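Since each chain sits alone in its own frame, please combine them into the complex, following the hints.
Protein sequences appear in the order of chains Y and B. Take the first sequence: its position 656, counted from the start at 1, is 656 in my numbering, and no numbers get skipped. Offset between the second sequence (1-based) and my numbering: plus 1000.
Certain hints may be false.
Said to hold, decoys possible - With a Cα cut of at most 30 Å, we get these calculated DSSO-like pairs of lysine-lysine:
hint	chain 1	residue 1	chain 2	residue 2
1	B	Lys1241	Y	Lys62
2	Y	Lys611	Y	Lys62
3	B	Lys1182	Y	Lys243
4	Y	Lys248	B	Lys1231
5	Y	Lys248	B	Lys1078
6	Y	Lys243	B	Lys1265
7	B	Lys1011	Y	Lys240
8	Y	Lys397	B	Lys1182
9	B	Lys1011	Y	Lys611
10	Y	Lys248	B	Lys1011
11	Y	Lys62	B	Lys1011
12	Y	Lys346	B	Lys1231
13	Y	Lys611	Y	Lys309
14	Y	Lys725	B	Lys1241
15	Y	Lys681	Y	Lys695
16	Y	Lys725	B	Lys1011
17	Y	Lys240	Y	Lys309
Unchecked claim - Partial pick of chain Y residues on the chain B-facing surface, computed with a CB cut under 7 Å:
hint	residue
18	Ser36
19	Phe40
20	Lys266
21	Arg773
What the hints assert, rightly or not - Computed from the model, here is a short list of chain B residues facing chain Y with C-beta under 7 Å:
hint	residue
22	Asp1008
23	Lys1016
24	Leu1017
25	Lys1023
26	Asp1024
27	Glu1025
28	Thr1041
29	Thr1056
30	Val1145
31	Lys1178
32	Thr1190
33	His1193
34	Leu1197
I should point out that these hints are in silico values taken from the structure, not numbers from a laboratory. These numbers come from a predicted model, not from an experiment. Each residue gets a CB set at the ideal place from its N, CA and C atoms; glycine is no exception.
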Amino acid sequence: MSDQRKIVYVAHPASGLARSNFPLVCHVDDGKIVRSQPFFIPEDVRLYEIKTSRGVFTRPRKDVQMPLAYAWKRRVHSNRVKYPLLRNDWSPDNPNPGKRGTSGYSRISWDRALDIIVAQMKSIREKYGSMEPVLVQADGHGQSGYMQSLHFWGHYLFDRVNDRLGWGWWTQQVRNPDSWEGYYWGAKHVWGFESTLGEPQQDAVWDDVLEHTEMVIFSGNDPEATGLGMSGSIALEMVKWLKRAGIKIVAISPDLNYAAAVHADKWIPLKPNTDSALYLALVHVWLVEGLYDKEYVRTHTVGFEEFRKHVMGEDGSVAKTPAWAEAITGIPARTIKALAREWAGKKTSLSVYFGGPKIRGALSHMAARLEAYVLAMQGIGSPGRQFLRTGAPSFYKNSLAQVPRYPDVDKSGIAMNHMIEYAIGKGPKSPVFIPRTLATEAILLPSIEWRGTSAALAKTEDQFQKYRFPPSPDHPGIRMVWNENGSQPGSWGNGWKWLEALRSPQIEFVLGIHPWMENDIPFSDLILPAQTNFEHEDLIAVQRTDLLSMFYQDQAIEPVGESKSDYEIHRMIGQRLGLDEVFPPVDDWLKKAFEGTLASTKLGITWEEFKQKKSVIYDCPTWEEWLDIKKEFGLGAHDGGLHNFWSEAGGLDTPSGKIEFVSSRIAEQDADNLERPPLAKWMTHSEVQGSKKAKDYPLSVMSNHPRFRFHVQGDDIDWIREISKVRGPDGYLYEPCWIHPSDALPRGIANGDVIRIHNERGAVLVGAVVTERIIPSALGIEHGARMDLAMLEGKLIDRGGCINLIAPSLMEKYGPGEEIKVPEMNVSGFLVEAVKIDVAAIVAGTGLGYGSTVSGH
Amino acid sequence: MGKKFLIDVDKCSGCKLCIIACKDEHVGSSYAPWSRPQPDTGHFWMDVQPIERGRTPRVRMSYLPLLCQHCANAPCIKSCPDDAIRTRDDGLVWIDPAACTGCGLCQDACPYDVIFINDEQGIAQKCTGCAHRVDEGLLPRCVEVCPHEAIVFGDETDVAGGEAYHPEYLAEPRVLWKGLPKPWIAGSITDFHSDELISGVAVTAVDLFADGSVTVLSDDFGDFWLRGLEKDRKYRVEIRKKGYEAFHAIVTTADDQDLGNVLLKSVQ
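Looking at chain B on its own, in the form it has when it is part of the complex (with noise of 0.2 Å):
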């Protein structure tokens, strides 16, 4: 049966057990045949990578616990000259340590970045899936720490659900992930004479070049959070509430985008 990762980026709050466990696991043990010890420091089969969103004080944090994606149409694979990258059974992708040369060509090649060379055994090594606790009936490291259930993995038709991380590298990963970070455009909403922040407004962000819109309405805070817009487009913000004059914004969406403090005028 295939395996499969399914990963929550709106469940991971970055504690780095899965760093941890990975590395307790595989410094210093050797599994034979999936894999050699890792050295002490510097290898992270599992990464967790920070990305800092919005601006003070609407700001939020996304990880993103990396891994071996365990491709079924890897770059690795197609790379090594000694055929020493291997799909098991299961899906679970490795590199076996008997045949690496330690050439670092899958590591050129794979677009994830999770491959990293060994130098004292002169091997390339990554994420074996724990393959060796997986042919014990038993879960990876990382999965069995994570205290948030961000990080499951199990049989392919259990696990549902859950897109590739950039899919457009056409790898067919295996590991699979759910609430990716994508754009928002927040700000809050003032009334200029009265200073007072005003909740329920509607904000709409109307995508210039596509169909369809959001709208969101501030909350108690005056905040608003257009979330899940598309990257790199042309937005549309209106934000409309009667007896005000309407403000208009066009906003690129390159990243999350905060529009500050806006200040509506009421109509005279």
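The following block holds chain Y by itself, in its conformation from the complex (with noise of 0.2 Å):
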């Protein structure tokens, strides 16, 4: 090996909030990365074993990625920002905010850029008084690192240019539950579980399904695409624990996503967000045929009377027979109680994860809800009938993990970043603060009202809180947007208004912070070139995987250009404004990090030591010792999930300990909420198919996590694009549009064509998939496709394929000045028209976003 050669851990690029997968193990020659391969865990590392009588369950020493991370690499010179960019027609005097996304751009030096952002912060300081009218909006979802390319330093910052400085509070933008949303919002009411964003625990939940599970619901879960984009190739494994142990899984959602289309026994579709009226109607079935368990209904929930009268029509309501749930939900009614049969037959699990069409669309809270109610019914926590993730980061735990782990290294094995408390908190650290969802209406509208912080572990009650912006009516509003994620548009709904949101007068100042010009970076007025992976060391902690562990990165190559690190830029602008100390060179920040680990405090492993020797991974206890843990919280052999609900019949985060059918939190605190009443129910509403809007546009959007990317990241990497996209006749890579044929039929429109999906908010192209794949009347397309604007008959489009534009904003629900009781997201599930275009049509390079050239460079 000659000396230009090393091999070199790399974070998984889409780490996100300081907690990555196992590491890309990269080559290193001459200052380029030759390759990028899995980790493979050594030898001497005890892996755990779940032992059953359906036999020995472990995972494989071989530890893949999704694809997108060994292709990262492409990202490192394509489409980079290089150096600090300034828009040309931006000045303080004059920002010319309609023409952002217009314009051109010209490289300036560090210290001018430094200057400008330094410049406008005293100036919204003495404009306004404080920092709170400048929104700062990262969160996360970009590339991320332990530390260096992790995006909550903007956040940090402005807390100490307040608690410092003295200049006052921030807006800080606060991340809501972007992926399990129904569950914060809506299951929480039900069965508590505030500590794992209302989900159930996970604590060694696989001891009791590999050992009694007969079948398991994916209710949306995709394990091929999110779990593995997630947590790595075990989410793969899990499902292959399933198959081993002769589980059946049966898979529910209105496509045949990845993992359902090669491991499951059965699909059953079903139009987008209906999941409540079929859970609804298992119901009814259960309740006619006597089958479901009535004693754990009797002893472990509250309400249930009011429910099954609800659900038999007692209640002046419609009867909820399979009958009437096959006309909403699209599924047979034979299929209906076939299905309620089987779950109640046998000992059935639910399996989710991230995403999933159920959860991230309107009323999502409704059918978490009433998919809790549903396992209440069939006793959840008792042998075999558990809440399953297949594949979980560790924090979703009460106090063991899903697979055999020593409690200790579970709670100081690997370093905790505290700058997560950003993104996943109790509460907003600033006072002022607006939820993600609604950062578009908080710019343009002159004041907005919710209820609940969105934060990620706030108490229950928060949610009945109510909030609004501007919190007074002589406030400024938000003048200046700190933008460090560039995923806004393509991430969250109601795009196209996002990006007239940053061009509105209002706004004197975008900054942009990112590595690669895309999606809405091109809005920015000053763009700060921010570095990959790649470029710079940083710790490793390990955690969304199952086995917990830490690696130091070393540097890989050069920075490119003048990029920095997220940590680095805002050092630097924390130097301009004489907060140097607060701001420590990064080696001792991770030195301290590690210092308060087990591999430090327990194994001895000093920092210098840990920097050569690059890894440390935990031991896993045998089953022996793993059967000692269990017991010290209760546990046997076999015992995991929900067990001791269900044998204690309490001790739930609800205000009867117990499932509460009936919310009495809702019933007392918030009886006046028409959307979320104390009864989860049915409800219709403007983006369900059968409303009145369902005229003009018939079709409904499902909208999964990605498989190639994540999120909206890597739509540029060629070899991304090259697998994932439809070449349209132009040549163009479209964006995959899934349409079943007799969609497709009647509309003229034949695979690999070219469509225009669109609604009253505005259109994006896709490349036409016709496929048996996807419901009648529905179509999936999957979020985070890049922007590229274009002009198609005379107005403005997206080629990209970026449906996020399209999707519905919160205030369509209630109209403006009226208050939003659940700031949900609303990104599945909506409606549109497909219609095939001619191509020639299209008026490509038309300015907005990406006519912006770049002179100096």
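Given below as structure tokens:
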């Protein structure tokens, strides 16, 4: 090996929130990343074994990440922001807000860039008296590492500007529960689980499932897409465990997703956002046929009788029969009946992961509550009947991990970066804040009101608190945007309006901090060049897979252009403001974090030794040790999940300590909330088929997390594009859109055609994939495609197929000025129409967003 | 020792990690004498071919991870006017980039369509079996990365089983396959009067032109899947249950066939 060659561990680029998977093993030669390979767990690390009567289950030593990770090196030199860039027609006196997205940029020096930022901050303070007019967006949805490429430094900086300089609070954009919203806004009111985001804890759940479970419902769960992306190949391994244990997999989803297409024993397609109706009809069958755990319902739940009456139509509503649900869901009544009997007759667990179509649409809080009711009627927590995540980040637990791990390793095995509290916290740090779902409206509307901070670990009662922005009538609102993500228009709803908000005359300054020129970054006035994970050293805290470990990330290559790490960028800004001391050298910070872990305190590894050694992977307990550990928590060998609730019939985070069909909290504190009544029901609304609007827009878009991207990340990578897109007749690679033959045929749409997906909010172009893998009347379009704005028939459209551009605003349900009672996300299951277009009519390169030319590069 | 690939179609989930790993290994990297750099895009020395099967809601995907079949009786070798395509001692077939003129005859000759032309370098290129890694005792990248062990590589004495993909090409490939898709006849069975799905119904497919029949029972959702049938045959499908009128259909397995929702009438 020559001196120029080295092997470097690099954090999975889609890590997020300072927590990672196993790293990429990168071969670097002469300053270039030659290859990125999977990590193999060394033989001397003891793996766990789950011993059951159906076999012994463990994980392979090979750990593989999603394809995107191994293609990430392609982004190092492509599409990069290399230098600080200033928009040509921006000046402090005349920001030309309407030109954002259309004008070019010029390279400026770091000195000048920092001068401008500090001057803008001072100007805000002078004009408005505090930093409150600055909207800081950072929340971890971009490329991320442990510290250097972490998207919380904006919040940290402004927190210090407040407490050290006394310049006042900033407007904190609070990350909403963006892939589990239904559990957060809904299921919490049924069963609590505040500390695990509204989902039941996963303690030792596999011990139970692999021993007892006979059937698992995949409710939109896709281990082959989201699971692999978030947790690495352990998500795939867990599906293999299910198969090997002889457990039947039934997938319920509008689409035959990637996992269902190869692993499921049965696919039950339903129309987007109609899961609530299905659950009600299952209950109807169970009530009529007596197929539920009556004793459990009596001892473990409250409010069942009101629910029973509602389902049977004894409260004046229609009876929720399978035939009633067939009309709504598109599932034949006979299939609903068969599912109900199977579910009751077999020990059935329900499996989800982040996202899935059920949980990301309007009123997903109803679906999640009804799901909890259904699970309660079948005795959740009893052997084999659990709520199961296939691949669990370590925070989904009460005391014990999903798989055998030492509790002390869970507690202090790996370093935790406290910055994540800005994204996963009990509440916003700044008293001035908006949920991320309302960022657009906070700029465009004079005032908005809503309930609930949307902070991940907020107390359930917080959901009844009323908040408003601006906080007072004489408040200046938002005047400056600090954008560290570049993901708003592709990951959240109502994207076209967000672009409009960025161009609002009220916004004096937009700062973009990002490695790439993409999505809403070219709507900034000043863009600072951030680095990729290859360009700096960092700690890698592996916590999103089944084993806990830490790696030291060496700098793989020289920084591209004048790029700096996110940390360094904020440190430099802080330095200008006299805040040097709160930005210590990176190595000091990492050393301190490392020294708080077991690697240091128990194994005695010094920081310097760790940097040489590069990794610490904690052993797992033997099965016998694990059994002893479980005993301390009152669990037998094959007890897990909600076993203790099952055996104790109490102790949940609900006022009654039991599962509440009728939420006593809602009944007492939010009784006037018609959108979220104390008892969850099927509720129709404007974005559901059958509504008035559906006459013009008869198709429902179902939008999942992408298989080959990570949210909006990586859609510019040539290798990813050529394996994931549809090549149009013009050679352009369009975002795929799944459409059933019965919808394609009457519209004259064939495979590979370019189609316009539109509604009253605008239009995007996609490439047709005519397939049997989607229920008729729905379209499948993954979120996060890279925006590429163009003109079609005189109208601005997105040729890139970024579907969230035309997803609804939360305001649409109520209208401006009215209070938003549940600030949930609504990015799947909304109405559109699809029309085949002539690609010759597309006028590309029309300016907005991508007409931005950069001089001086 | 001769080498062998074994591909199990039933295990492949279509994740395409093998494609990316192949590009990661070969784009921008030269491994003399076996290969020169693969172009940035457009070449798929390893490809994953999706096959959508069935009709809503009885749909499955099969994926064929397709690479050079490293044939012992390789049509490409015979087609090359410059003897640039050779077989190593371990059986891996490679195109010598120093000898190849990029004439493209091999591309036309290959029945598996796995040879690509590199216009920039004026040569034909394809999977080398990661010969440079094999020589170091390492696995080909596609094999190394596969999370499902759908692609296995090893000494031919260790890697058991498998059949040729398209044996009619008579190319004697060193890539052997398990689980190559065979047509199914599927459907679900419902009681005409009660509209209830019926489980445990015997469904038999009788090959009309050869001996043999297959029988399955409908499952708890009333679904039946007669799997592993021969392609382009005529079958008589018989659905019988005591108390019901029998159902017969003649089905040609040009492809996977779905009979939809079969209604059984009870005997009066």
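Mind listing which of the numbered hints don't hold for this structure, in increasing order?
Per hint list: 1, 5, 6, 8, 9, 12, 13, 14, 17, 19, 22, 31 and 33 violated.
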